[in-house]
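Produce the entire structure from the sequences given, and follow the hints as far as they go.
Below are the chains, spelled out letter by letter.
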Amino acid sequence: MTQSIEVESRTHLDDPLVIGGRTFRSRLILGTGKYGSHLETVQAVRASGAEMVTVAVRRVDLDATHEESLLHHLDPREFFLLPNTAGCYSAEEAIRYARLGREAGLSDWVKLEVIGDEETLLPDVEALLVATRTLVAEGFTVLPYTNDDLITALKLEDAGAAAVMPLASPIGSGQGLLNALNVRLLKSRLSVPVVVDAGVGTASDACVTMEQGVDGILMNTALAASDRPVLMARAMRLAVEAGRAAYLAGRMPKREWAIPSSPTAGMLD
Amino acid sequence: MTQSIEVESRTHLDDPLVIGGRTFRSRLILGTGKYGSHLETVQAVRASGAEMVTVAVRRVDLDATHEESLLHHLDPREFFLLPNTAGCYSAEEAIRYARLGREAGLSDWVKLEVIGDEETLLPDVEALLVATRTLVAEGFTVLPYTNDDLITALKLEDAGAAAVMPLASPIGSGQGLLNALNVRLLKSRLSVPVVVDAGVGTASDACVTMEQGVDGILMNTALAASDRPVLMARAMRLAVEAGRAAYLAGRMPKREWAIPSSPTAGMLD
Amino acid sequence: MTQSIEVESRTHLDDPLVIGGRTFRSRLILGTGKYGSHLETVQAVRASGAEMVTVAVRRVDLDATHEESLLHHLDPREFFLLPNTAGCYSAEEAIRYARLGREAGLSDWVKLEVIGDEETLLPDVEALLVATRTLVAEGFTVLPYTNDDLITALKLEDAGAAAVMPLASPIGSGQGLLNALNVRLLKSRLSVPVVVDAGVGTASDACVTMEQGVDGILMNTALAASDRPVLMARAMRLAVEAGRAAYLAGRMPKREWAIPSSPTAGMLD
Amino acid sequence: MTQSIEVESRTHLDDPLVIGGRTFRSRLILGTGKYGSHLETVQAVRASGAEMVTVAVRRVDLDATHEESLLHHLDPREFFLLPNTAGCYSAEEAIRYARLGREAGLSDWVKLEVIGDEETLLPDVEALLVATRTLVAEGFTVLPYTNDDLITALKLEDAGAAAVMPLASPIGSGQGLLNALNVRLLKSRLSVPVVVDAGVGTASDACVTMEQGVDGILMNTALAASDRPVLMARAMRLAVEAGRAAYLAGRMPKREWAIPSSPTAGMLD
Amino acid sequence: MLHIDVNGKRHDVDDGRTVAGLLTDLGLDGRLVVVELNRQIVRRNELAQVTLEDGDRIEIVHFVGGG
Amino acid sequence: MLHIDVNGKRHDVDDGRTVAGLLTDLGLDGRLVVVELNRQIVRRNELAQVTLEDGDRIEIVHFVGGG
Amino acid sequence: MLHIDVNGKRHDVDDGRTVAGLLTDLGLDGRLVVVELNRQIVRRNELAQVTLEDGDRIEIVHFVGGG
Amino acid sequence: MLHIDVNGKRHDVDDGRTVAGLLTDLGLDGRLVVVELNRQIVRRNELAQVTLEDGDRIEIVHFVGGG
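So the protein lines, in turn, are chains A, B, C, D, E, F, G and H.
Residue 54 in our numbering sits at position 54 of the first sequence; the count goes up by one each step and never skips.
Count along the second sequence from 1, add 269, and you get the number used in our numbering.
Count along the third sequence from 1, add 538, and you get the number used in our numbering.
Count along the fourth sequence from 1, add 807, and you get the number used in our numbering.
Count along the fifth sequence from 1, add 1076, and you get the number used in our numbering.
Count along the sixth sequence from 1, add 1143, and you get the number used in our numbering.
Count along the seventh sequence from 1, add 1210, and you get the number used in our numbering.
Count along the eighth sequence from 1, add 1277, and you get the number used in our numbering.
Everything labelled a hint here was simulated from the structure, so no lab data went into it.
Be aware that a few hints might be false.
Using 25 Å as the maximum straight-line C-alpha spacing, the simulated DSS-like pairs for lysine-lysine come out as follows [stated by the list, open to error]: (1) C:K792 - C:K725; (2) C:K792 - B:K523; (3) A:K187 - A:K254; (4) C:K725 - B:K456; (5) B:K523 - B:K456; (6) A:K254 - D:K1061; (7) D:K994 - D:K1061; (8) A:K187 - D:K1061; (9) A:K254 - D:K994; (10) B:K523 - C:K725.
Okay, here's the thing in structure tokens:
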């Protein structure tokens, strides 16, 4: 009896993440690049609890006789695959990749990247807006990777983006959330979900990012470049849940001075 | 079959926390002060997964006709109760409270506090060393609350402390881990467990503290002064586990520039 | 003799700041808004050592019979006046204000602001690029206020901006340099001067900003909203010079452990 | 006329630093170890504006036929020399060095160090208190190097220390001010001057340290291990003055959102 | 009598009044302000040539403190 | 009648009353409290042996929530 | 014999070969790849209808791990 | 001949040599150094009075750069 009540109250702790009409219980989205093997990829995804994973669209390697397909390991019936346009440097190129990804027949979703610079992999927000508008008009569910600029984020929302995905810090840098104020700003002003994408380096980065109130986090290198990716995947699952719960619970106020935890009354003479 | 293998591998992820010969699966220790009710205290303790909780020694209030005992709610067979010497301002006073706590018959453990200043509740480390030596000689298992000074910590270890418990920031301040370097220093030089005690304000504070490699965290106000203590307790349980797992997994290196997560080869012409 | 050599070496410590062919000895640029009086404005400007100050273009208040002109206090022969387009929310509006400012006959320079949002005063970088291109084509020396996005900064440079002026944090927020990495990135990739504009709150913010290697800082509220603006102006002059000198001197490496400053040899028996 | 008034107002901006009855115009104290040469030492001291410099007491090297005395370069009539007890690991040893330093006949001042650990050079505060009490009783003016613990600082003051000198971070580490809260705490509770000693790495560290309200800073490695020590010395002079002025001026409040610097009224139709 | 708009407010001036004349009426120094007539800037050396017409919209601006 | 001090307050008990008896008078469960008599702890198994004397100072403590 | 370009490399196929036939030749599963012919996507249900012509530029892509 | 220890090294001096004499032998300026004899400081004005004895342990120190 107590058990069932507790289970019920647990399910009411938080609403699920809804993007583009699709519901996700996990607020963690995983990239699948740079793991040691397909097996490690899948183990990490499983340990992370992620339901949505990103994939890239690339040429089949015709010289590799028996290249095993990623889809043999990441069953699209178990995981929701989100094709990205990583490596695209113009709106046209990104649109081309998005269309190819959709043609695979899994969904009309795309993680839209239009990169502006090879060294930093920062987005070209002008081109990103152009590509977002085109793809939304073509019926895509567009999740654009962008920087942490509020004005661009508002325009992406206006352009029909299903979520806005600002970076925490550059892709693969592991610098963590460099500008928490900007991310809070975005969250406070957007109606669509805000998913922080890129830059998270370790569990506390994920935790502090979720504490800003954002709806989810997308990460890849923090797991793949960890010494033990599967264990780090588990750490990230816990950290995202921890940060979300702490956000919902409402933290204590910070104070400059101390306040005792034990009663000051009742001391002996 | 897979299930049992997974369970086994999980148990091998980490060694349990051992203090004074006693083993704890949870690395989170909870204070029990300042909750709204005994019921909330117990719910928070349960949600946190803590096995050890601190209690204070205070006069029975003879005017309260039916003061319900804390022990009715926190069954000593379920939780390991750790009496503290909170509110004591001299070695003598702390020793007196420690002896009274032991007389309750639950154990010979004491969370030893010797406060040096009412405003900041910072420890008087000279007196703390004196009290530690005395209590160790009397057979106590002493867990001293101290500041983040390595030299004092080494002396406490020499004096026979079963663990050393440096603060993250002042008691009840919620400022988080102000000096991560000092805590790493302590951990790298001590043989006994290092449990960070006081100052954690929210889940990411707990997570980042565990990522320094320490053995555990003791907290109270972060839960009790949260808007929803039981939910924050859950957040803290997850955060401590997340930080521990991330520490064990080994984080990716930080870089100033970006590294792509998707392959750079295989792009279309 | 030594004296003259030392003087000479001092003058070689640093090159002056050159923007749009104009040379400035001071790397501090001051806004002139929100001071208590014209007199305080001028005293603060003098104490800051700034040679360039920004001014806004606004309607003459026809109801104020004897409104004293700012130019009576800030002699354009002593200070280089930089008209801004503050308060403009479109490229067209900003261009209109820029033209009015130029018509005053002091110079063809403009601090170009195209604001994207009233609450945060963050720039609309799409419109900013449009306005920059137009004004550069009209012969203006354009100093655009922008966010800390490298890609936008590179496009502004391509568009002919004479300097690029990224924010440290929102205008008037006093949050300091929130994303030092981004500012270092901009500096490392741009050929035109990088002047951090907006967000500096106190002297250490200015100092740490200059230590990133940027060419100058533009500030206003940090002085005007200080308790003692003229003294804060002096603090800012010193802080900008200190940060610049430290950048040029090259800081010591950070280490986790200690290294003695006094010889370890020569101790007594 | 204006000139003289301004000069007068400048001198009233701040009171001089007074320690042990001695007045210093500069709030920067310099260590003299680890420079490339005696000449560089003196040039750096001159560029820093420091009036007080520390020196160590060491055996004369009898094998070095013509070892030039440091005092030939640092004239005690120009600079106030403060002997230290660096390298001492017990109260007895520190007291022995302090007496030797006094016997040189320059003053009865001592920068008292009692080191507790070779790797971190952190102070042994128990022994430091013992040595302070002894040396104060012998008539010394004692400036103890200590950690950032308030309780120890209060005891040092009670013991008669002429100033209390907490570290910012370990000696020679260049980590900057790791725990600003503790340093503010010390300053708010002590009557004797608080001089932050050790750990400052670059100009902004010095600036932000002074902004906490402390009375001065003692540094060495930040200059000696800079690429250009004399230029860094100048940076530090400016940074200390900047931080002091900003502290006295009173910084603007921080805000999460923006406030325009230019008038919102008077915009065109 | 002409009805014009100056800085957003209705203003009446005599027929044939020039922009320079308007500034004089308003007690403004033509060297310290810039004038826009129906969204076009009036160059300073043309202030005395341009005559106002009914319905003209005038903006007179100057520099104020700003950041 | 004895005048003793219990937890800082004056308290009167009959002559020959033991500490255990005092606890009973106060409605306290001896297994949940610890008693100090004149700064010396009274072991639980001695509560019924120790008789109170005039001027005794008694402290009766228990565990409460604390951090 | 036709000379076509597949994923950036010269490839020879027989006259009249369809895209589906090409995939078979290459040992690829048409359900796991997407084909672009001269910059136009070939829908999966048309793979067997479209015949290749000399000089055609073919891109055959699939999903790989990416972030 | 006396065998003494100066700054940790064996040193031989003539019988009856004073500390001041030793400093002269070593080419040191008595105003720039401080001397400890068997753990006792020798005041500067006593340097010429104190004669050395066999087995004496001398420390001669001065100021060097330090932080």
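Here is what the structure says about each hint:
The straight-line distance between the Cα atoms of C:K792 and C:K725 is roughly 22 Å, inside the 25 Å bound, and the hint therefore holds. Restraint check for C:K792 and B:K523: the C-alpha separation of about 16 Å stays at or below 25 Å, so the hint holds. Straight-line distance between C-alpha atoms of A:K187 and A:K254 comes to about 22 Å, which keeps the hinted pair within the 25 Å bound. Proposed proximity of C:K725 and B:K456 is contradicted: the alpha carbons are some 39 Å apart, above 25 Å.
Using a Cα cut-off of 25 Å, the hinted pair B:K523 and B:K456 holds, with the two alpha carbons roughly 22 Å apart. Distance restraint check for A:K254 and D:K1061: the Cα-Cα separation of roughly 16 Å lies within the 25 Å cut-off, and the hinted pair is therefore satisfied. A distance of roughly 22 Å separates the Cα atoms of D:K994 and D:K1061; the hinted pair therefore holds under the 25 Å criterion. For the proposed pair A:K187 and D:K1061, the alpha carbon gap of about 20 Å is at most 25 Å, so the pair holds.
Straight-line distance between C-alpha atoms of A:K254 and D:K994 comes to about 20 Å, which keeps the hinted pair within the 25 Å bound. Between the alpha carbons of B:K523 and C:K725 the distance comes to roughly 20 Å, so the proposed pair stays at or under 25 Å and holds.
Of the hints listed earlier, the one the structure fails to meet is number 4.
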